[in-house]
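K.L.:
Quick note, the sequences are listed as chains V and H, same order.
Numbering of the first sequence is given in our numbering, commencing with residue 20 and proceeding in unit increments.
Numbering of the second sequence is given in our numbering, commencing with residue 20 and proceeding in unit increments.
You can't tell identical chains apart in this list, so a pair holds if it fits in one copy or across any two.
Once the Cα atoms are required to be at most 25 angstroms apart in a straight line, the calculated DMTMM-like pairs of lysine to aspartate or glutamate come out as: (1) 225 x 141; (2) 234 x 141; (3) 234 x 201; (4) 125 x 47; (5) 125 x 27.
Worth flagging that the hints you see were computed from the coordinates, not collected in a lab.
There are 2 protein chains.
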Amino acid sequence: MDAVACTEAFADPFTDAERDAVYRAIFERRDIRAQFLDRPVPDAVLARLLRAAHHAPSVGFMQPWDFIVVRDRGVRQAIHAAFTRANAEAAVRFEGERQTTYRSLKLEGILEAPLGICVTCDRSRNGPVVLGRTHQADMDLYSAVCAVQNLWLAGRAEGIGMGWVSIVSRADLREALGIPQEIEIIAYLCAGFVSGFPARPDLERKGWLPRLALKDVVRVDGWQGREGDALHRLLGQRFFPSPLEGEGEDGW
Amino acid sequence: MDAVACTEAFADPFTDAERDAVYRAIFERRDIRAQFLDRPVPDAVLARLLRAAHHAPSVGFMQPWDFIVVRDRGVRQAIHAAFTRANAEAAVRFEGERQTTYRSLKLEGILEAPLGICVTCDRSRNGPVVLGRTHQADMDLYSAVCAVQNLWLAGRAEGIGMGWVSIVSRADLREALGIPQEIEIIAYLCAGFVSGFPARPDLERKGWLPRLALKDVVRVDGWQGREGDALHRLLGQRFFPSPLEGEGEDGW
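Based on the provided sequences and hints, a complete structural model is requested.
P.N.:
Given below as structure tokens:
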């Protein structure tokens, strides 16, 4: 660490309360498509969310993102129509009871939420050779996804629910928002204040899929490494120091 | 919102202190490749980080990720050797003074950090048709990227610095970690307790690229929408309500 960095570094540790607040945002963040309140999002709040997104990591400090805030109802109606078309195509890809369940799910809140936020990626920003993207070409796309997650977590902290609406063709989003061909579309989110954040994800609660056990998705020192490790024994326990309590066995 | 959700929802707003802690994590998170302390990461801390990652959003609640914790020094040496090869290839893609600067940058901490964490994506988990992935095929990859950002932010809250090492070929990572061909590699992160988090990103501080002005990456109601909007006037101001003070004009 050089001298400049030493004099300009955040060295104070987070307090336990600060740490727990970060975990609270992470564990209480939900993909929200309902529960929106009829309450506008003040520009000052929106500006904080966008600033949080803009402070995501980016490969080579490329900051490849743009954020299109969508308030206009006509634009949102066009996107909602595109969702409806895509969702009809999607439903028939599931069979029998699964399709019945699929059709019962609420999968977007484009018109109920007062805001949409489209996150894009300009792959040619700052020239063709990007530090850190030379061997993993998708790092710019992944940077923009990190901005989405920042938005989502900041939203939880502000009481703003967000839902990533992915059942829509990107061509339709491009047309509705006038996005140039060379700009990649990463996400369209619906966003607004909500009455609450469900304790469990909708798809878990409705029995679509269970939450995987944490120990089953953690490996040690290589793909095959699982058994007999102290970490795995800890991950397999129902409880270890955490700001959230009361989750069931599958909650890990 | 149905009755079940109403009885099982987080409705309490974040306090201002909790909200500020979330923003603190977001604004003080850094891509860390140095400043690592010679201090092991306890399993309980690592378990919290992994749990935070596992609570990322995922398309169709697919949870496509696995997390390979890498402690073994031999494995990390193999990955470091792969970085060294890739970095030599990368350097010559920059010209003149830019190449000199590139060569002066510290772009990984694979061996200094006590841990590596590789995040992968199993694209066929839970079958071929995934709710929410029918029209945007990369949603599973993007879900795993959200898990990376959760790791990063939880790391900041725990005093653990992380760096995304992208200057390495995924084929080399696959070989070093024994990852099957059908599993997508998303990220390799070096991680460990650090002495501090630089106030600004390394690449900004070293003059590689400046931070873009927030107002220049925000659009309203469509790609062309920028001027004359109250939000833009607010974003263009040097200061608005925020937990962080003292940033310069470009800090927005």
